[in-house]
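Using the hints, position chain B against chain A.
Letter by letter, the chains look like this.
Number of protein chains: 2
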Amino acid sequence: MLKLNFTKKLIAAAACVAALAAPAQAADKVYRLKMAETWPSNFPIFGDAPRNMAAMAEKMSNGRLKITIDSKNKHKAPLGIFDMVRSGQYDMGHSASYYWKGKVPNTLYFTTMPFGMTAPEQYGWFYHGGGMELMEKVYSKYGLLSFPGGNTGNQMGGWFQKEINSLDDLQGLKMRIPGFAGEVLAKLGAKPTNIPAGELYTALERRTIDALEWVGPSLDLRMGFHKIAPYYYTGWHEPATELQFLVNERTWKKLPADLQEILRVAMRTAAYDMYIQSYHASAENWEQMKMAYPEIQVKSFPSDVIEAMKAANNELLAEKAKADPLANEIIKSQLFYMQKSRVWTDISDKAYLNSLSSN
Amino acid sequence: MLKLNFTKKLIAAAACVAALAAPAQAADKVYRLKMAETWPSNFPIFGDAPRNMAAMAEKMSNGRLKITIDSKNKHKAPLGIFDMVRSGQYDMGHSASYYWKGKVPNTLYFTTMPFGMTAPEQYGWFYHGGGMELMEKVYSKYGLLSFPGGNTGNQMGGWFQKEINSLDDLQGLKMRIPGFAGEVLAKLGAKPTNIPAGELYTALERRTIDALEWVGPSLDLRMGFHKIAPYYYTGWHEPATELQFLVNERTWKKLPADLQEILRVAMRTAAYDMYIQSYHASAENWEQMKMAYPEIQVKSFPSDVIEAMKAANNELLAEKAKADPLANEIIKSQLFYMQKSRVWTDISDKAYLNSLSSN
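First to last, the protein sequences are chains A and B. So for the first sequence, numbering that gives the first Met the number 0 puts the first residue at 0; every next one is plus one. So for the second sequence, numbering that gives the first Met the number 0 puts the first residue at 0; every next one is plus one.
Keep in mind that the hints were calculated from the coordinates and are not lab data. Heads up, some of the hints might be wrong.
You can't tell identical chains apart in this list, so a pair holds if it fits in one copy or across any two.
With a straight-line Cα cutoff of 16 angstroms, these simulated EDC-like cross-link-like pairs (lysine to aspartate or glutamate) come out [said to hold, decoys possible]:
#, residue 1, residue 2
1, K136, D345
2, K102, D82
3, K190, D168
4, K339, E286
5, K289, D345
6, K173, E204
7, K339, E283
8, K190, E283
9, K186, D303
10, K298, D345
11, K71, D82
12, K173, E248
13, K136, E248
14, K331, E314
Quantities reported herein were computed from a predicted structural model and do not represent experimental measurements.
Okay, chain A solo, but in the shape it has when bound (with noise of 0.2 angstroms):
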């Protein structure tokens, strides 16, 4: 009796133990969850959204969401975060959407396009103007779920050691400036080059290169640029450039729904408090060149220039149209609601801003 007594008590209190394993189980199973970024370790501002967001989700999860980041130093391929959360190896990335548009051409138009939407146009864009469901359209068919992950704000039209007072003054000039907006350029007879980060103020001063475009200030402080060029120009070609949060779909289905919208929340907050971080840091950092190389001079490129750009612009985006139906929707998409949205920035900050400074 004795023995089988001991047995009964054994057998309920395995019933007991798996009882509390079941619930304890589905409410606190923990998600580790892997991301690479394309930034090095520890850089500021890009760097710091993927950290807010994974902070915050830790944090609103009660640590049943653990994202740990990888920056470049440690997966070695900056550009291959398309590549490395499409094939599972991680599951998220934090990068820029334009980086892969030598893959899948039609990503090049959800970071920033030359002589585009100001960052709450955009945002607009993304949130009510049907631009978090062209992102979709392009991003799904490789597995992958899209999220805005955070904005520089308006990027700086770059460092120059010559004044750009006519078109004549663009012939030739050797300007570090990647992507589309380098593709612009050389429409206009400049020589886009590119060139590692690392060797950029070498280049420009010894006038390997002409010109360059980095950020803004937030960013380019710590290159200093400003000490070895007379003339910062004021942007045409990244007026609200938007980082890019990627999720392997795989991953992200197998979240339980509560832990895809905490993901979902903290993506999106970190992406808002990047643009706000990028904003304050670029006014804290000018304040700083301005104090120390008080004869930078702000330009602007003359209107015949800006015309002629634009002009260029437009040509390669209809180039683009032309060529593919899904590229010819999200150019038009972007378009329509640029010029609705620019008509009322126009009268509210524009017009506000104006009155002010014309006193």
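Here is chain B on its own, set in the frame of chain A:
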């Protein structure tokens, strides 16, 4: 033995239930919070912000954080939110900080100020320039936590029956414009009046008042003012109106850390989201107004009027700064941050927008 054995089993079963219940209670306890909003039921945009926030919080917490919202139709005290949240009658509120200036004068500064910061500048101040800390200084002594609650973007200067060509045109001008901006105009000879929202249309139509300001196209469209007033003036008095989430401190402290973070992030995201929603709705609604009434004229106040309003505004701020050390600290902090960030705004977004439209 059998009886004893049965009792033992009961004890074992009870222990098992207790063991199950303890973690279940901690992990699954549902926190039900009551929120009062200043707005009527189903009010668009302003009312969408708390609904969006509550939906995100409930989904992210898997139903552990449930927030119900009472509109003014229910609680009948649209301007009683501060008191009702302070007393604990409601756990949370959604309103605007400047409504409490009659009760706590320094609450004035956390919504928007005439000739003040734009939306990204002001978010920069809140999150990186000391704004949140100053808001806490003002609210903590009332047992309240205050958070940004959604931005309207730049508000229009209002609908006018006649043009304002000089300071003389402000003399005796009867205008619905409440609060601090009304005080500024009063200094210049205008007669600010307050009229209930439901009577505004008739008052403007019958010229009981000469002008009124409301919000901007996002919320002006439904009021119909564009049908009865020919001039729509650009903004100066509310460049970035930020609504407010209020939380009772005792409620906040009762929440576990994960739900506090869920609530914090949901409020933060809902605030940003409302900024983008307002931007979008203004663009949409302004297009509608212009199509239906193409004769509407958008005007900006002449520069001497702007200068005089700025001077009157500065005088009022100087009086407030002199009368109260904390007011002085807040006003200086805002002015310092605005000056620094405006230099950046001017060479980034403003330069970009002006370079496009000069062509």
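Now for the hints, and whether the structure bears them out:
1. K136 with D345: Classified as neither: same-chain Cα gap 31 angstroms, cross-chain 37 angstroms, threshold 16 angstroms.
2. K102 with D82: within (10 angstroms within a copy, 58 angstroms between copies)
3. K190 with D168: Classified as within; 12 angstroms inside a copy, 56 angstroms across copies.
4. K339 with E286: between (34 angstroms within a copy, 7 angstroms between copies)
5. K289 with D345: between (29 angstroms within a copy, 14 angstroms between copies)
6. K173 with E204: within (13 angstroms within a copy, 62 angstroms between copies)
7. K339 with E283: Between. Shortest inter-copy distance 7 angstroms satisfies the 16 angstroms Cα cut-off; intra-copy 32 angstroms does not.
8. K190 with E283: neither (33 angstroms within a copy, 41 angstroms between copies)
9. K186 with D303: within (15 angstroms within a copy, 45 angstroms between copies)
10. K298 with D345: Classified as between: cross-chain Cα gap 12 angstroms, same-chain 21 angstroms, threshold 16 angstroms.
11. K71 with D82: Within one copy only: 14 angstroms inside a chain, 52 angstroms across chains, cut-off 16 angstroms.
12. K173 with E248: neither (42 angstroms within a copy, 60 angstroms between copies)
13. K136 with E248: within (14 angstroms within a copy, 45 angstroms between copies)
14. K331 with E314: Classified as within; 14 angstroms inside a copy, 49 angstroms across copies.
Violated hints, listed in ascending order, are 1, 8, 12; each of the other numbered hints is respected by the structure.
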